[in-house]
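Fit chain L to the given chain E structure using the hints.
Order-wise, the sequence lines are chains E and L.
Going letter by letter, the first sequence gives residues 1 to 209 in my numbering.
Going letter by letter, the second sequence gives residues 1001 to 1209 in my numbering.
For the record, the hints were derived by calculation from the structure and aren't laboratory data.
Mixed in with the good hints, there may be bad ones.
Restricting the straight-line Cα-Cα distance to at most 27 Å, the calculated cross-link-like pairs of lysine-lysine (BS3-like) are [claimed, not checked]:
hint, chain 1, residue 1, chain 2, residue 2
1, L, Lys-1173, L, Lys-1108
2, E, Lys-123, L, Lys-1123
3, E, Lys-87, E, Lys-8
4, E, Lys-87, E, Lys-52
5, L, Lys-1108, L, Lys-1087
6, E, Lys-123, E, Lys-52
7, L, Lys-1108, E, Lys-52
8, L, Lys-1052, L, Lys-1108
9, L, Lys-1173, L, Lys-1087
10, L, Lys-1008, E, Lys-8
11, E, Lys-123, E, Lys-87
12, E, Lys-8, L, Lys-1123
As the structure is a computational prediction, the values presented were derived from the model and not from experiment.
2 protein chains.
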Amino acid sequence: MNESKRLKRSLLERLVRYCHFMQDKVLDEEITTVSSAQVAAYAELDESQVRKDLAAIGVRGTPRVGYRAADVVSTIRDRLGFDESYKAVLVGAGRLGGAIISYPGFAKYGLHIVAIVDSDPRKTGSMISGLVVQPMHRLGQIVRREQIELGILTVPRASAQVTADRLIDLEIKALWNFAPIWISVPDDVHVRNEHLSVGLADLAYHLSG
Amino acid sequence: MNESKRLKRSLLERLVRYCHFMQDKVLDEEITTVSSAQVAAYAELDESQVRKDLAAIGVRGTPRVGYRAADVVSTIRDRLGFDESYKAVLVGAGRLGGAIISYPGFAKYGLHIVAIVDSDPRKTGSMISGLVVQPMHRLGQIVRREQIELGILTVPRASAQVTADRLIDLEIKALWNFAPIWISVPDDVHVRNEHLSVGLADLAYHLSG
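Bound-form chain E, shown alone (with noise of 0.2 Å):
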C-alpha cells in the first residue's frame, strides 16, 4: 500500500472504536442500522466527525435509516486488514508476557503468538498458554522457520532497545513493545509503543484539576 493512502493513526483508532461498537452492542441486540448520532454518542464525538471517517472509508449511510451496521464491520475490518492472518513471537514471558498472550482478542485482528522466548533458563521449558518457552538463542530459528512478521516485546526496560535490534536484523515487520522506554526502529519497520505512563500521565492529570 503506498505510504499517501496510509489512514492517519487517529482514526485508524476512531474505526476501531466503531467497528467495537457495532459489533458488540448493535449486532449482539440485533439491531442492523444505527445512525451516527448513536455511533457518535458512544465514541464521545462530534456527528459529523463520525459521518467523515465513515465516508473516508466509503461507507455511507441513507438518509432517516442510518448505517448498516454488518456493512460498516465488513468495511472496516477489510481496510483494516483483520482478515488477514499474521505471526507474531512474544520475547519475555514474565507477568506482562503471560497476561498478553491470555489476552483473547488476538485472533480477532488476524494476529496468532505462534512462540515465546526468554532469556532466563528458569523459564524456558516452562508452558503458557499452550506454548513452550524457548531459549533466546533460537529467536533467529523460530522466527525463519514461522516467517514470524511481529514482535512483541515484554523484556525489562534495560533490554528492550537490544532486543529490539535483533528482530529487526531478523527482518521482523512490525514491533510492539511494552517495556516503558520509546524504542527506535528504521524507516521499514513498524512500531508501537504501548507506554503505560502515557495513561498515567492523563489520569494524573485529570485528577490534578
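Quick look at chain L alone, frame taken from chain E:
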C-alpha cells in the same frame, strides 16, 4: 481547574513524550539545553509542533541555544500535576493486575496503589508486591478509609462495567480500565480505557500494507 483550560489529550500525550526525552536521554547525558529540532526528531513530529506545544504551557526557548531541559521537565511535571500525590485501588489480582502493580513508573506520576481487591476467595489473603489481596466486600471500606481517588480495573470483561459502577458509587474520581471493553461513566468521572485492540488493530493494519 476550569474545563476550558484543560489540555487536549493529544497535546498531553506529546508533552509526556517530550518530558521522557528530556528526562531519559538529555539529563542522563548531562546535556543542559536541547533544540526543538532534536525534540522533534525524537518525538517524530514537526519542529513547529514542538515549539507550539511548549509555548502552550509557557515554555520558550532561547534563539540559537534552545530549551533548558530542566525547565521543560519541571514545567511539564507541574502543569500536568505529576508532583502531587494520589491513591489508587487495583481491582482484579490476576496476571494483568500483577503485571501492572509491578510497573516501576507509578510513583513518578504521583500515583500510589495502596490496596488490591479480588472477588476470588482463592486469591484473597495472598501477597502481591507487598499488599495483601482483600475481598471484594471490603472495597467500600478501603476506598473511604484511604480516600482513594483512582480505580484500576484489571477484572475480566464481563465484570468490568459492574465493578466500574460500584467504584463510581463510592465517589471515585477516575478509572483506568484494562478490561477489553469501553466502560461508560458519568461526566464527572474521568475514564481511560487501555484497549489492547487499538494496538492490535494498528499493527494488523500496518502488516497488511
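Status of the hints after comparison with the structure:
1. L/Lys-1173 with L/Lys-1108: It holds: about 20 Å lies between the C-alpha atoms, which stays within 27 Å.
2. E/Lys-123 with L/Lys-1123: holds (23 Å)
3. E/Lys-87 with E/Lys-8: holds (24 Å)
4. E/Lys-87 with E/Lys-52: Judged against 27 Å, a Cα distance of about 33 Å means the pair is violated.
5. L/Lys-1108 with L/Lys-1087: holds (13 Å)
6. E/Lys-123 with E/Lys-52: violated (49 Å)
7. L/Lys-1108 with E/Lys-52: Answer violated: L/Lys-1108 to E/Lys-52 is near 39 Å, above 27 Å.
8. L/Lys-1052 with L/Lys-1108: holds (26 Å)
9. L/Lys-1173 with L/Lys-1087: holds (11 Å)
10. L/Lys-1008 with E/Lys-8: Within the cut-off at roughly 18 Å; holds.
11. E/Lys-123 with E/Lys-87: holds (22 Å)
12. E/Lys-8 with L/Lys-1123: Not satisfied, since the Cα-Cα distance of roughly 43 Å exceeds 27 Å.
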